[in-house]
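Participant: Build the full structure now, drawing on both the sequences and the hints.
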Amino acid sequence: MTHSIRGRLLAWLLGTLVAAGLVIGYSAYHRAQEDIDDLLDYQLKQLAFSLSHQSVGSVPMPPDLLLPEPDFITQVWDKDGVRMFYSRPNLAIPMRPRPGFSNVEWNNQSWRVYTQLDGFRIIQVAHPLSLRKEMAADLTHRAVTPLAALLPLLGLGIWIIVGHALRPLSSISSALRARTPSALEPLPQRDLPDELVPLVGSLNDLLQRLNRALEVQRQFVADAAHELRSPLTAVQLQLQLVKRAGSPEERTTALERLERGVQRSTRLVQQLLILARQDPQQPEEVQAVVDLDRVAREVVADFEPMAQRDNLTLTLDSQGPLRIRGNGDSLRVMLGNLVDNAIRYTDRGSVTVRVHREGGEAILEVEDTGTGIPADERGRVFDRFYRVPGQEAGEEGSGLGLAIVKRVADRHGGRIALDSGGGGSGLRVMVRLPDGNSQA
Amino acid sequence: MRLLLVEDDAMIGEAVRAGLRQEGFTVDWVREAEAGDAALKAEAYALLLLDLGLPRKSGLDWLRELRRRDDRIPVLILTARDAVADRVAGLDSGADDYLVKPFDLDELSARARALLRRRTGRAEPTLRHGELTLDPATHEAYYKGHTISLSAREFALLAALLERPGAILSRAQLEQRLYGWGEEVESNAIEVHIHHLRRKLGAGFIRNVRGLGYTVSKMP
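Protein sequence lines, in the order shown, are assigned to chains Y and X.
Position 306, counted from 1, in the first sequence is what this note's numbering calls 306; the numbers after and before it change by one each time, with no gaps.
Every position in the second sequence, counted from 1, becomes a number in this note's numbering once 1000 is added.
Please keep in mind that the hints were generated in silico from the structure rather than gathered at the bench.
The beta-carbon is built from N, C-alpha and C at its ideal position, and this holds for glycine as well.
It cannot be assumed that every hint is accurate.
[What the hints assert, rightly or not] Sample of chain X residues at the chain Y side, in silico, Cβ under 10 Å:
hint, residue
1, ASP1009
2, ALA1018
3, GLY1019
4, ARG1056
5, THR1079
6, ALA1080
7, ASP1096
8, ASP1097
9, PHE1103
Facilitator: Structure (structure tokens):
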């Protein structure tokens, strides 16, 4: 089967026409046969009737009545069965004593025979049935032939009309082909045939979503490029200070600064990569069963040295295994960012990680005794590259930590709540991962 | 020369301050526009180095405010915004120069020197006075055809006096130019520097105007 709509329509329409022609021909043939039967039967009857009103002796030969080559065979017998007359001496169909119509096989032919008894004579008129078939076939042929002759013309017409009707489709495809990847404005929807409106509508919908996704991506790259300038500027300046350093002490200080600058750049790049990997546009990674208790233990163990360095108490408060469906790596990054932030913004006191279940929800909680986040800033801290004014992390933050936390929580269908720590100071971040994800 | 640096990034701020100090500038560093505003009102600065991406109030808004109240301090913008439109907006808002991050310390100090030179109406890069020539770019000093060696403070003090020959600068004014925040100033520091300079240039080069301060004569 061809894949072209035009070709298919042509094949189907012509096929249907041919089938219709065959049906018409078949029924016309039958109808013609019936009519011819009636007509010729009537004729036979009339012929017999006309003969019965004439004396046989005065009838020389029956005239050619209707047909150019009358195959009528007329015979007359007297009441004793003695043949008084026949029209074709070589075609003497045996006498049928029963009056009326009958079909007779004789001389390798089928004959239609009409017999009339009028008291003292038997008149029998017959002709071959093949004659009737020929006539019916001829009539049918005459009816069907013009149709068959029209078929190529119809095919051409269909080809042209369908091609015309499909023109909007090819104009859409050429419009799409002419597009560059950056030209994502919607296709024009005016003057479209009804059948194409849904297609173009869905295409435009897709283009719009694609455009939005690209815009988000573009913005991200622009932001990232801008944000990368700061640590790179720092590194470049620090490197120059290393070169200029006069004394070994100056050199050591400059190198330490340079090292911090490089660490900061590395961290920013890592965070950018993590965030890009958590892209909401990308399909959800394969989810597995994750034990939050274990994730929390690993994260706490990772950050213990950093907490010790800053003289902070880092504790884990967990009620044993708590399994949910999710992505273990992402959840580890998320909790890691929260603990990292808590340690950075806490000068003294403690950081507590809690893992527990509440009303079927799995809850990850990180509480610190640090500077906290003012209530009016809490809505913005999840924005990429947003930093709370006036707050100083030990090193420069990447501005991405909480954006990553939010992204991971979103992808797990979770919610994040920020409030002050237990004593009214510090910060408590609560991530609720929904019921549907929980597994007993 | 005392400069005010307004930069919210700790690492960049630290490095710029350290680099400019090596070039003989006195640098005070704040991290927000508000603090910068307070500093400008309290001290006399020769140049403002301004980052645009500041928290709370943007550098550009603050710059417009400064110009509206007719503050004529030369302003050099340091920013990561590199689009032409941003640079045009920065200059049209009243900045005198625009440097895009990441930048080179040498370029930064050269631009700073150029702005300071223009501020005093000079086009020539070196400071000349009679037989004395100071080159702020290299910190070299020539007197009567010979190189003389000056410490960074001595150079800065001499440069301050040569900026406007004949003008009298008080000890407090000189201290203010030479020492930034958090730098210890010995009570007789200026006298010590003057003493050293007189030894190198001859007693009559810098005059002491009793009770007022120090000056170099208008034309020798």
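Participant: Now tell me if each hint is right for this structure.
Facilitator: Against the structure, the hints:
1. Look at X/ASP1009: its Cβ gets to within about 5 Å of chain Y, closer than 10 Å, so that hint holds up.
2. Interface hint at X/ALA1018: satisfied, since its Cβ lies 6 Å from the closest Cβ of chain Y, which is below the 10 Å cut-off.
3. The criterion of a C-beta within 10 Å of any C-beta in chain Y is met by X/GLY1019, whose closest approach is roughly 6 Å, and the hint holds.
4. Given hint, X/ARG1056 at the interface with chain Y, holds; its Cβ is 5 Å from that chain's nearest Cβ, closer than 10 Å.
5. Checking X/THR1079 against chain Y by beta carbon gives a least distance of about 9 Å; that is within 10 Å, so the hint holds.
6. Restraint check, X/ALA1080 versus chain Y: the minimum CB separation of about 4 Å is within 10 Å; hint holds.
7. For X/ASP1096, the interface hint is violated, the least distance from its beta-carbon to any beta-carbon of chain Y being 21 Å, above 10 Å.
8. The criterion of a C-beta within 10 Å of any C-beta in chain Y is not met by X/ASP1097, whose closest approach is roughly 17 Å, and the hint is violated.
9. Using the Cβ-Cβ criterion of 10 Å, the hint placing X/PHE1103 at the interface with chain Y is satisfied: the shortest such distance is roughly 7 Å.
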